[in-house]
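Take the two lone chains, each set in its own frame, and fit them into one complex as the hints suggest.
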Amino acid sequence: MKRLTIGVSPHIFSPVDTTYLMKSVIKALLPALAAGVYFFRWQAVGLVIASVSGCLLAEVLSRKLRKKPIEMGNYSSLLTGMLLAMILPPSLPLWMAFLGGVVAIALGREIFGGLGSNVFNPALLARAFLMAAFPVALTTWIRPITLDAVTTATPLGLAKFGGETPALGLLAWGRIGGCMGETSALALLAGIAYLLYVKVIDYRIPTAYLGTVMVFAGITRFISPAVYMGPMFHLLAGGLLLGAGFMATDPVTSPVTARGRWVFGVGCGLITMTIRLWGGLPEGVMYSILLMNAATPLINRMTRPKRYGTVKVEKSR
Amino acid sequence: MAKILTFKGGIHPDYRKEISMSEPVREVPLPERVVVPLSQHIGAPDIPVVNKGDVVSEGDVIGRSESFISALVHSPICGKVTDIKKAFHPSLGPSMSVFIERDEKAAPRRYEYKNDPASVSPEDIVEKVHLAGIVGMGGAAFPSHVKFSVPEGRSIDTLIANGAECEPYLTCDQVLMTRKTNEILSGIRLAEKVLRPERIFVAVEDNKKAAVFALEKAVKEMASGGARISVVTLKTKYPQGGEKQIIKALTGREVPPGKLPSDVGCMVHNVGTFNAIYEAVVMEKPLLERVVTVSGDCVSRPGNYTIRVGTLIEDLIELCGIKMTAEPRKILVGGPMMGIAQTGISVPVLKNTSGILFLSDKAAPLYDERQCIRCAKCVDVCPMRLFPTDMMRNVKKENWDNMEDLYISDCMECGSCTYICPARIPLVQYIKEGKAVVSRKKRS
Chain A
127 MKRLTIGVSP HIFSPVDTTY LMKSVIKALL PALAAGVYFF RWQAVGLVIA
177 SVSGCLLAEV LSRKLRKKPI EMGNYSSLLT GMLLAMILPP SLPLWMAFLG
227 GVVAIALGRE IFGGLGSNVF NPALLARAFL MAAFPVALTT WIRPITLDAV
277 TTATPLGLAK FGGETPALGL LAWGRIGGCM GETSALALLA GIAYLLYVKV
327 IDYRIPTAYL GTVMVFAGIT RFISPAVYMG PMFHLLAGGL LLGAGFMATD
377 PVTSPVTARG RWVFGVGCGL ITMTIRLWGG LPEGVMYSIL LMNAATPLIN
427 RMTRPKRYGT VKVEKSR
Chain B
196 MAKILTFKGG IHPDYRKEIS MSEPVREVPL PERVVVPLSQ HIGAPDIPVV
246 NKGDVVSEGD VIGRSESFIS ALVHSPICGK VTDIKKAFHP SLGPSMSVFI
296 ERDEKAAPRR YEYKNDPASV SPEDIVEKVH LAGIVGMGGA AFPSHVKFSV
346 PEGRSIDTLI ANGAECEPYL TCDQVLMTRK TNEILSGIRL AEKVLRPERI
396 FVAVEDNKKA AVFALEKAVK EMASGGARIS VVTLKTKYPQ GGEKQIIKAL
446 TGREVPPGKL PSDVGCMVHN VGTFNAIYEA VVMEKPLLER VVTVSGDCVS
496 RPGNYTIRVG TLIEDLIELC GIKMTAEPRK ILVGGPMMGI AQTGISVPVL
546 KNTSGILFLS DKAAPLYDER QCIRCAKCVD VCPMRLFPTD MMRNVKKENW
596 DNMEDLYISD CMECGSCTYI CPARIPLVQY IKEGKAVVSR KKRS
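Protein chains in written order, with our numbering: chain A, 127 to 443; chain B, 196 to 639.
Here chain B stands alone, though its shape is the one from the complex (with noise of 0.2 Å):
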């Protein structure tokens, strides 16, 4: 194995993966109603296409868009439609949901193995990806066809499986890696057949040795042919699996402000897209049920479940079997450097939702902000070089002009200067406050 690579900069959180890690991946039955909200992905919200009434089959299409940004929306579950009307999303808050009760006696759709990976055309293998409605599968829920669609002029010459997973708790990368080996490696080649590229990169944190080793035999065991895949070890750190770091450890390679991957010939996809990939143009299964870690320090049976999309939490506890040993403080849609605490439990799991936790005031502690001592921490870990002190103190003193020359807008909010604040200052919550000051006085 080559060199362990990293990007600078970054925090080394408690990981506790463990307590998810060697659980395998658990069926659930499926759900009695589902919410499946229509703004699934980045860029215009689903139309539905749909009625109150309508009996719908698992699968059929239940929302889509006219704008080039946008991903299809499927019916999880046969049923009927029983009502259109806003609830709760995890990150949206209120916003528009198709509500779906199961009918007990339609049987549950089966997948096979329909077309030959090998014989699919590329423009065929892009055409699925949009039927099935997939999106970035890691968190950033951009449709993955549109990413597909490399801008006039500039060419891909680098593929990278994201399979870092550095958020903590997180486990559900990790084991589809073990269990789905081969169907993320042929999604990668499928992928391979669009885009031409020269190199492909399998990149996993190595605090993941059980995922390096499935897929250093797969890839071995694959027929020859095409571009060499290479599993690549990163250093087990804080956000390495955020796309500009991968790149950068990876490549050298650093994605420019405003600029998207491919402006520096790399593409990157979440492994879990890859199996979805797979999936969608190998069984035309649509992006329907995914992996979701459900952990935490407050649940009795943590682990990784399959779980249709638009399942609501509070089912899921059902359906999972999970009780809470403890009374949780904060309930997480994604991991607990960047994901999103919950009101309530009606929210639904999405189809970029990697993780569900469950978190006591131990686990999740609230802290009282205090004097900053410019101890320059969070300059030291942040990734994008930033100075997240000078951007505190100037939204503090309302100092708006300085904020562009301070790059406020290359922050991506991944919460590394918040977590090493010895202060407790909650840097990122100052920073979003100046970013959407800064984008209201650039529009006006």
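Excised from the complex, chain A in its bound form (with noise of 0.2 Å):
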């Protein structure tokens, strides 16, 4: 009894910590990712390498820079690789994927103050920046399996600019044009199914942005069924499961009260159907949620509960 240790309460701590967070979204990516790598080959293996190095080495600079201690140990730095590397069309020379990659780390984290301080998801802000930076590559698809040389649509491009739109069934499976990670619909519902299941994400942002999107078609499609494509098309297409499973998730990004979950979602399917519907691009997921997040400290604000003791109780037993 020589080395009695004190502290402040309490003394026990949930197993969970960053760490075991961190590697069960990466856990949830994986049936996605390999989704990808069946889709899309050698080409998708070059994005994740490419992506990932350009957020390892940013994440190394950038601490040096600042002289920061390097932590490597969290995984924040290879899940952001991994979801920009998911965000990118398949045929992206993979020099940009790398750019991408620095970008969301320096620019999209480690400028605001490192991991926790970042306003924005730096995978979807990466995008953003290549999108501007090159919005040729950004919008061209490749067949997958084939990867034909010849370039296709995404359904929602189809949708939106004419076109016949894939079945269903094959949205599901994604053996369609899209992002590398975007594609299989079913495989990105296990990994959020997952997530929800040992409660690493919470369900109401998923489920309002979802249920937002699904109302909103529903409407769209019934008020005039020639113009619209149905709920269950817009479930399926595009990145709105990786969307709205692991980036809208994203804690540090996302509000921190019940109320504004609920908010961000609704928000979130709002502004992408807005796009999808009526906007210059076929899909809105990314900006919805880059939008969402700048309103993140307004949605915090105003969804604060009342004091304990202060709410006037409906029926007291």
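Any given hint could be a false lead.
Keeping only pairs whose Cα atoms sit at most 30 Å apart, straight-line, the calculated DSS-like set for lysine-lysine is [what the hints assert, rightly or not]:
1) A/LYS325 to B/LYS198
2) B/LYS591 to B/LYS636
3) B/LYS198 to A/LYS438
If you want a taste of the chain A side facing chain B, the calculated C-beta under 7 Å gives, among others [claimed, not checked]:
4) THR131
5) ILE132
6) GLY133
7) SER135
8) HIS137
9) ILE138
10) PHE139
11) VAL142
12) ASP143
13) THR144
14) LEU241
15) PRO377
16) VAL378
17) TYR434
18) GLY435
Restraint-style ranges between C-beta atoms, simulated for each label pair [stated by the list, open to error]:
19) B/ARG394 to A/PRO431: 24 to 34 Å
20) B/VAL632 to A/SER243: 17 to 27 Å
21) B/LYS636 to A/GLY239: 19 to 29 Å
22) A/ARG433 to B/GLY421: 29 to 39 Å
23) B/GLU261 to A/LEU130: 30 to 40 Å
24) A/LEU130 to B/ILE264: 28 to 38 Å
25) B/ILE264 to A/ARG433: 19 to 29 Å
26) B/THR520 to A/LEU417: 53 to 63 Å
27) A/LEU417 to B/ASN594: 21 to 31 Å
28) A/ARG433 to B/GLU347: 22 to 32 Å
29) A/LEU156 to B/ASN594: 36 to 46 Å
30) A/VAL186 to B/SER541: 43 to 53 Å
31) A/ALA259 to B/SER639: 50 to 60 Å
32) B/ALA335 to A/LEU130: 17 to 27 Å
These are calculated hints, taken from the structure and not from any lab test.
From the three backbone atoms N, C-alpha and C, an ideal C-beta is built for every residue, glycine too.
Given below as structure tokens:
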């Protein structure tokens, strides 16, 4: 009893730490990543390697520059790199993916003060940067499996600019044009189900986001079925599931209040559908989440619960 | 059994109650010496009424105070006062204490059935509780007779016996509820005489089935008359036994900031306190011993022991026949969520000491603080609807003006936020610092 430790209570802790959270999200991404590799072969592997190395390099350099310890142990740069690779077109030149990785960590995270201080989702910010810098490369799509040099279109592109949209079964399986990790809806749903089951993500944001999109699509489809696609199509097509399950739920950039998470999800859904149906772009997931990221501090302030003991209790037992 | 009630928020720690749960309450030999602090209650410390060299008998008053919020302190053994000086107190640090060495020839006092609970007057009950020096035994140590004097214009419609015992490891209330069921219920009836509530709840978490069974059986067998006593099962969740949380779970009412439970018509006492009230009124026994859970992963004979107030931890180890099976890293007085880590083993058991835990590195690990990722788990679990992460950020930036907007004073330091934080940030520590600065600024 020579070395007794003191310290403020509590003295016991939950087994869940940051590393566990990050690892769980990485695990949950694996089915969709495997689908991406299956559909887009070496292109997919190359994207992941390029993007992750960009992220890790940026982390090391910016940490050195800021004279802060390097915290690779929490897997967050690896996760950002993986997510970024999955939201890039499979045919993207690898140096662009690498640059995207650098931007994600350096401008998306470290510039704000590092992990936990960034306003925007780093992977989405990097994608927005690449979209502005290389608009053609970011909107060129190749056919899955065959990887034909002939370009193809994403289902949302077909729906918007004319063309025959693929059947829902194909959307679920994922043999369609699109970003590397977003095409297989089933693989993404499996990952989301896992994250909900282990309680790594809160159900409110995905529920509100997906629910809003489906209700929105249901109403517009009902009003003019000739013009708009139905709710199932909007649920399975594009980057919605990847965005709603893995990016809108990023703890750093989403609201801290329970009510705020509902607001955040509904906002993402409304913006996504507005862009998809009436905007200049076929897909709106990226901008919807980035815009709601910007609104997060406001949402936090406006959804603060009432102070304990100052609410009128409706019915006292 | 009705629906299982609870509050919003809270955590589900590993309870580890099985370590000491099935053990009977063990009597231990009287200690050779005791160190009795004069501050064992919330309020002004007592003034010693004995001098060095005095001979005292078990149950003699050794400390009292003129102040309204205070409780008498009695000698827990027969013996001689060897010193009155500052000694280590488990939560206050050096604190004025009476040192007593036991007279081996003096026989311990015996307590017998003296007063018929049916015929004592309410005034008599409060007076006897006062004379017995009873304080809240669940941890808060608020003088019970003071609690009984409800402010003018308020009335208590709901009396609550708190048997939630939500702190991990602790089982002293649990064993008391199964062994002293009738005494507790009798104590409740005595409190009822004073307060005249419309209803009475005995609330127990649903991981203590035996206690619920014993209580329900005893209530059924009880003589009719008086307010209805309902044995209520609460969800096993920390901090279910917090005063505000148990009131919320049972009545739906929220105690306003800075107010007392009586402001919403409620009064809560720990089940152990009701047992002490019974003993004080019926047997005229002062509060000088209690059941303490001795547990943790470092002790050979974990269990629940009846221990005299003032027994030092170092003597208690011997009296209980406990061996250390591993090197303890932390010794806690209280539970692992709100208990206090001790610097040594020369600290005494107090009236409100529910447990003494010997924990290894493994059971009470130390972590380095990492970056907050704003996951808001702390916000989700806070039973007071506070924002621990925001308070922590403001304390770090020394942004004291924001603290009151965050209602920092509402924090009861239950520790749920620190427990759940995946970045291992000691949020309670930051909040305590913030509270101290805010109250200092208010005073100046």
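| said: For each hint given before, does the structure comply? Return the numbers of the non-compliant ones in rising order. | reply: When the structure is compared with the hints, none of them turns out to be violated.
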